[in-house]
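From first to last, the protein sequence lines are chains P and B.
Throughout the first sequence, residue numbering follows the numbering used here, covering 4 to 399 in sequence.
Throughout the second sequence, residue numbering follows the numbering used here, covering 3 to 303 in sequence.
The set of hints was computed from the structure by calculation and includes no laboratory data.
Listed below are the simulated SDA-like cross-link pairs for lysine to any residue, each with C-alpha atoms no more than 25 Å apart in a straight line:
1. P/K210 / B/F18
2. B/K133 / P/A22
3. B/K133 / P/R17
4. B/K136 / P/R17
5. B/K111 / P/T5
6. B/K133 / P/N209
7. B/K133 / P/T26
8. B/K111 / P/T21
9. B/K94 / P/T28
10. P/K210 / B/R17
11. B/K133 / P/T208
12. B/K111 / P/L13
13. P/K210 / B/I58
14. B/K111 / P/P220
15. P/K210 / B/A75
16. P/K210 / B/P91
17. B/K94 / P/L13
18. B/K136 / P/T21
19. B/K133 / P/T21
20. B/K139 / P/N209
21. P/K210 / B/K139
22. B/K136 / P/N209
23. P/K210 / B/R135
24. B/K136 / P/E205
25. P/K210 / B/E85
26. B/K133 / P/L13
27. B/K111 / P/L9
28. P/K210 / B/H79
29. P/K210 / B/L167
30. B/K139 / P/T26
31. P/K210 / B/A130
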Amino acid sequence: MTGRFLRQTLVIARRDFTAIVFTPTFLVFLLAPLLMVGFAAIGGVGAAQLADGGAERARIVAVLPADEGRRFAAADAALRGVFRPGEAPPELIVETAGADPAKQARSMLDAPARHVVAVLSGPLAAPTILYRPHGERAATWLGEVAERALAGAERRSAPRRVALAAAPSADDGRQSTGFGAVFLIFFLTLLLAGQSVGMLAEERTNKVIEILAAAVPLESVFLGKLIGMFGVALLFIAFWATLLGQGLMLLPDHAALIERIAPAVGMPLFVALFLIYFTLAFLLLGAVFLGVGAQAGSMREIQMLSLPITLFQVGMFGLSSAAAARPDSAVGLFAAIFPFSSPFAMAARAATSPAILPHLAAIAWQMAWVAATVMLAARLFRRGVLKSGGAAPARH
Amino acid sequence: MNDALAVCATGLVKRFGGHVAVDHVDLAIPAGTIYGVLGPNGAGKTTALRMLMGIIDPDEGHCRVLDHDRPRAAGDHIGYLPEERGLYPGMKAREAIAFMGALRGLDWKTGRGRAAELLDAAGLGHAADQKIRKLSKGMAQLVQLLGALVHRPALLVLDEPFSGLDPVNQERLEALIRGEQARGATILLCTHVMAHAQRLCDRIAIIAGGQRRFEGTVAEARALLPLRAHFVPKAGDDTVRALLPADAERSGDGYAFTVPDEGMEALLARLIEKGHGVAGLSIERPGLHDVFVAIVGGNGR
Numbered sequence: 004m005t006g007r008f009l010r011q012t013l014v015i016a017r018r019d020f021t022a023i024v025f026t027p028t029f030l031v032f033l034l035a036p037l038l039m040v041g042f043a044a045i046g047g048v049g050a051a052q053l054a055d056g057g058a059e060r061a062r063i064v065a066v067l068p069a070d071e072g073r074r075f076a077a078a079d080a081a082l083r084g085v086f087r088p089g090e091a092p093p094e095l096i097v098e099t100a101g102a103d104p105a106k107q108a109r110s111m112l113d114a115p116a117r118h119v120v121a122v123l124s125g126p127l128a129a130p131t132i133l134y135r136p137h138g139e140r141a142a143t144w145l146g147e148v149a150e151r152a153l154a155g156a157e158r159r160s161a162p163r164r165v166a167l168a169a170a171p172s173a174d175d176g177r178q179s180t181g182f183g184a185v186f187l188i189f190f191l192t193l194l195l196a197g198q199s200v201g202m203l204a205e206e207r208t209n210k211v212i213e214i215l216a217a218a219v220p221l222e223s224v225f226l227g228k229l230i231g232m233f234g235v236a237l238l239f240i241a242f243w244a245t246l247l248g249q250g251l252m253l254l255p256d257h258a259a260l261i262e263r264i265a266p267a268v269g270m271p272l273f274v275a276l277f278l279i280y281f282t283l284a285f286l287l288l289g290a291v292f293l294g295v296g297a298q299a300g301s302m303r304e305i306q307m308l309s310l311p312i313t314l315f316q317v318g319m320f321g322l323s324s325a326a327a328a329r330p331d332s333a334v335g336l337f338a339a340i341f342p343f344s345s346p347f348a349m350a351a352r353a354a355t356s357p358a359i360l361p362h363l364a365a366i367a368w369q370m371a372w373v374a375a376t377v378m379l380a381a382r383l384f385r386r387g388v389l390k391s392g393g394a395a396p397a398r399h
Numbered sequence: 003m004n005d006a007l008a009v010c011a012t013g014l015v016k017r018f019g020g021h022v023a024v025d026h027v028d029l030a031i032p033a034g035t036i037y038g039v040l041g042p043n044g045a046g047k048t049t050a051l052r053m054l055m056g057i058i059d060p061d062e063g064h065c066r067v068l069d070h071d072r073p074r075a076a077g078d079h080i081g082y083l084p085e086e087r088g089l090y091p092g093m094k095a096r097e098a099i100a101f102m103g104a105l106r107g108l109d110w111k112t113g114r115g116r117a118a119e120l121l122d123a124a125g126l127g128h129a130a131d132q133k134i135r136k137l138s139k140g141m142a143q144l145v146q147l148l149g150a151l152v153h154r155p156a157l158l159v160l161d162e163p164f165s166g167l168d169p170v171n172q173e174r175l176e177a178l179i180r181g182e183q184a185r186g187a188t189i190l191l192c193t194h195v196m197a198h199a200q201r202l203c204d205r206i207a208i209i210a211g212g213q214r215r216f217e218g219t220v221a222e223a224r225a226l227l228p229l230r231a232h233f234v235p236k237a238g239d240d241t242v243r244a245l246l247p248a249d250a251e252r253s254g255d256g257y258a259f260t261v262p263d264e265g266m267e268a269l270l271a272r273l274i275e276k277g278h279g280v281a282g283l284s285i286e287r288p289g290l291h292d293v294f295v296a297i298v299g300g301n302g303r
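Looking at chain P on its own, in the form it has when it is part of the complex (with noise of 0.2 Å):
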């Protein structure tokens, strides 16, 4: 790479870095984050809300003589106690038993309005249970009650119960910060590396990419959007970590949070690491949808190359999730190999697993890659400016 064309390559970043930083749009942009995770809560709250409203309308039902009722719905009391707020097991009415119990619960099971998902009828030592598909579970559970309910009259003494201190996991912690890195960088690459496919769109629009392709090689034209790219990704990044630590260090037990977070390599080899793995993911996918976003001559084309370009991450997610819960397995392999997930699956493994040597040989390796689909898709972004742009020779 020559001193002018790095020049070149810079003058282009730098255009671009500030033509997106400068803006309105940008706070809107650096915000992105918290509209997600609102619209998160929000659609999560929601789903919470539907269920419980499910949940909290089902009803079982016990139609047995008023002692064993008695007895049954003592036991079902005492079972509830291990279940938290919301877990618990649907609610349970004690019916007394009439002539014909067997009919009295199938109709209290086919009355709609009652909401009734299994009943348990007949005496505790030969009951019958009737659920629906649905209610499965709450058959179960009559089951395990009704057992309780005659273990119980036997019972002499209560169980000895032994509160103990909980053992912390670091196994879990790592594997948290394995998938946490994941899903970060997934994140990162997602708002930022996506964006460059629609980049070309400006300078077609306003017929720039002619001023550019006369003053300098498209391959500047490339890399320079590249990089500014990139110099916003840091900026955001920057951002965001500092708000974030700062707001960590705010938490009352933040020094057993972090100790809990813990990567297998050290907290500051993790952090480099996932600094190394972000860029190299960026710079991979990035350049990979600027080539292919090159080829789209119209905003319609650059919105109907989105959706595949989002599938594919999403794919790379999925599997490289996959590969920070089972980073010794086939797919924890494939995901570690495979140059596209290797990024994700790798930063994963820093929190994980403490080898130093992996990280070395898979940077090398993405490097590489790096490397070869950067030239490849300045290739392709060349062939596509010069075909569909401003530029394209066809006019004549």
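Dock chain B against chain P, hints included.
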């Protein structure tokens, strides 16, 4: 510079599919001249320019630009105004000019300083800090031209620079082009408006159908066609037509015809001898427009 040629292109060929856009075109542009590449729409002018600047590679032929065998290598010494104007609408005028300078190797600070000077000189000083989207089309076009000049290029390539400009700005632009020539720059002007070419160009090449049909000075081009005479007889005298050359046509209150090979003297003597009066007579060299039409004809593309 080799024999003071700013551009030397030999045998340039460019094909797009089965269509030959530029067909063995030679161009030799002396340094310090204003050189016009003229041709009808679709003649291959812009494609030829793009090859001269290294935007696209020729299929055949060779270009030597400012003593560089690869036009790209001379990029920092070339200024270019493309036919399709393009500026970033969110950029301020001064910044846009500095950006175009930076693309050609000028540092930003110098670029901004020169941009301010150029804008002042072009009467656009008040618009220096206005965004491009706020400028009129003509103003934006001038800003783009200034962007092509800001790094003081040795070769200035202007593709249809006058299109879209009002007469006042066209005159301004002509003055600006002459000023660049006075500075020592070579100007390659691509146009299909003959009036500008005739006023500005030292030499011209006429391209049609992808081929070079003429190369020389404007005077040489005009000399390709014979002189034209416009004769006005005394009022009411229609019998004079029989004495005029066969190609004489009614033109206004007189007749237009090609000056005979033997000159006008014999014809005038005949007219006087037959007692016809002469109310007016003018002899003109045909303009570049006529030469262009005669050369390009109906198969220009």
